[in-house]
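Since the structure of chain A is provided, determine the placement of chain B on it from the hints.
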Amino acid sequence: MNPQPKVVIVPCSGIGKTYGTVSREAAYEVTGNIRPEETQLVALSLLVLGDESARAAVARNPAITIDGCKLGCATKMVQESGGTVARDFAVLDVYRRYKQFKPQGISELNQGGQQLACALAEEIAAVVDDLTSGSQGDPHA
Amino acid sequence: MPELPRKKVGIVACSGEELAEGTVTRLAALKVLEQLRPADTVTICLPLFLAGGEGDRAFARFYPTVAIDGCDQRCAARATKLYSGKPAASVVVTDLIIEHGLGKPEGLRSLNPAGLQTVEVTALHVAGLVDSFLDKHWDRRRGEFIQEMPQPEAGQPVEATCSCVSGIPIQKVEINGKTVTLVALPLIFEQFRQDGKMPANGTLGELLETVRVYNAIPAAEEETYAAALLLAYLEFCKNKEAAA
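These protein sequence lines are chains A and B, in that order. Residue numbers are given in my numbering: position 102 of the first sequence equals residue 102, and the series is strictly consecutive. Residue numbers are given in my numbering: position 61 of the second sequence equals residue 61, and the series is strictly consecutive.
Take these hints with a grain of salt, some might be off.
Unchecked claim - Among chain A residues calculated to face chain B with C-beta under 8 Å, some are:
1) Ser13
2) Arg24
3) Ala27
4) Val48
5) Leu71
6) Cys73
7) Val85
8) Asp88
As the list claims (entries may be wrong) - Straight-line C-alpha distance at most 30 Å; calculated DSSO-like pairs for lysine-lysine:
9) A/Lys70 / B/Lys240
10) A/Lys17 / B/Lys104
11) B/Lys86 / A/Lys17
12) B/Lys197 / A/Lys76
13) B/Lys81 / A/Lys70
14) A/Lys102 / B/Lys31
15) B/Lys81 / A/Lys17
16) A/Lys76 / B/Lys240
17) A/Lys70 / B/Lys197
18) A/Lys76 / A/Lys99
19) B/Lys104 / A/Lys76
20) B/Lys31 / A/Lys17
21) A/Lys76 / B/Lys81
22) B/Lys197 / B/Lys240
23) B/Lys172 / A/Lys70
24) A/Lys102 / A/Lys17
25) B/Lys31 / A/Lys70
None of these hints come from the bench; they were simulated from the model. For each residue, glycine too, the CB sits at the ideal point set by N, CA and C.
Next comes chain A alone, as it looks inside the complex:
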């Protein structure tokens, strides 16, 4: 019996902006705490280099990307690596839904940033649930 496919989570790897940190924190929250069994974190740098196992992971499994800026590196790299982006999250759009959580800090997020990351993580978890339950959801919802 084949193991249940995991949902691949690919966050932005930006180091210069707060939203990049939020994307990473949300990814850690999902893959480490909320849905550790159903998800797998894939580092963007591995996809950039064309690492075989990272490419295979995104080719085999649906991917959720989290981008910290409009350049959308995570989404673009998954697509260029032959993967299917089931849902792409842009942190700025998420922030517009949770304006009470104002993120600040890069090395270390403030409380607002942590709250925003948790809110984003919950949204991601909901998509993970859709994907793993077989309903797949609307990739462009």
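Showing chain B alone in chain A's frame:
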């Protein structure tokens, strides 16, 4: 006054999200960019070498670049070399851990004390490399150091600089029926214009030489390049005047 980004050192961190050592690279890079050498360093996100434009891909050719990797896969160094230019130096965190007898970093989101110590060691090591590179002359056409006296420089702004949304300005110019991408041309034009060097044959030699600092100009095509540059500079000045 616009400033040609000359004496800065590029920092590219792998940022590997799967490893604590990746977190070390990110925090060490930030420490150098924000605290240790803010005026002398600039960074770019590694994926932009693929997901970005030509200006982003010119990064490591333009700046002598230090790649900071968390493990011996060396994603940052190898991808930088593959898509941008050979890094001037490659730093691997696991090597520094062995060299300095440090403990193993743990914790992706929150590093343990050994991880924090490794951040300090890595950042200081990179800052030392930055200092050494600032004393050397970087050949942006070949992407390597050359043995020449460094040129005197104007002061640099004191701020950490992220190149994610700026890259290196480029401009495409028609030369001999071919479209040629010239790195830094908009900055060079702006510099010349603000220095009062108007488009004329008298400034053409200097313009050609400045463009040559950042781009390869075939010796056999110098005259053609010069003519094309003059036309492009005329157009640039005309547009600036129209916009004023």
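Hint check:
1. Ser13: Since chain B brings a Cβ to about 4 Å from A/Ser13, closer than 8 Å, the hint holds.
2. Arg24: holds (6 Å)
3. Ala27: Hint holds; A/Ala27 Cβ to chain B Cβ min 7 Å, cut 8 Å.
4. Val48: Given a least distance of 5 Å, the restraint on A/Val48 holds.
5. Leu71: holds (6 Å)
6. Cys73: holds (4 Å)
7. Val85: At about 13 Å, which exceeds the 8 Å cut-off, the nearest Cβ of chain B leaves the hint on A/Val85 violated.
8. Asp88: A/Asp88 check fails; min Cβ-Cβ to chain B is 13 Å, beyond 8 Å.
9. A/Lys70 / B/Lys240: The given pair, whose Cα atoms are some 28 Å apart, holds under the 30 Å limit.
10. A/Lys17 / B/Lys104: holds (27 Å)
11. B/Lys86 / A/Lys17: holds (26 Å)
12. B/Lys197 / A/Lys76: Not satisfied, since the Cα-Cα distance of roughly 42 Å exceeds 30 Å.
13. B/Lys81 / A/Lys70: Roughly 25 Å separates the two Cα atoms, so the pair holds.
14. A/Lys102 / B/Lys31: holds (23 Å)
15. B/Lys81 / A/Lys17: holds (24 Å)
16. A/Lys76 / B/Lys240: violated (35 Å)
17. A/Lys70 / B/Lys197: Judged against 30 Å, a Cα distance of about 37 Å means the pair is violated.
18. A/Lys76 / A/Lys99: holds (27 Å)
19. B/Lys104 / A/Lys76: Since the Cα atoms of B/Lys104 and A/Lys76 sit roughly 33 Å apart, the hinted pair is violated (cutoff 30 Å).
20. B/Lys31 / A/Lys17: holds (14 Å)
21. A/Lys76 / B/Lys81: Holds, because 20 Å separates the two Cα atoms, which is no more than 30 Å.
22. B/Lys197 / B/Lys240: holds (14 Å)
23. B/Lys172 / A/Lys70: It holds: about 24 Å lies between the C-alpha atoms, which stays within 30 Å.
24. A/Lys102 / A/Lys17: holds (14 Å)
25. B/Lys31 / A/Lys70: Holds - the C-alpha atoms of A/Lys70 and B/Lys31 are around 25 Å apart, at most 30 Å.
In summary, the structure is inconsistent with hints 7, 8, 12, 16, 17, 19 from the numbered list given earlier, while agreeing with the others.
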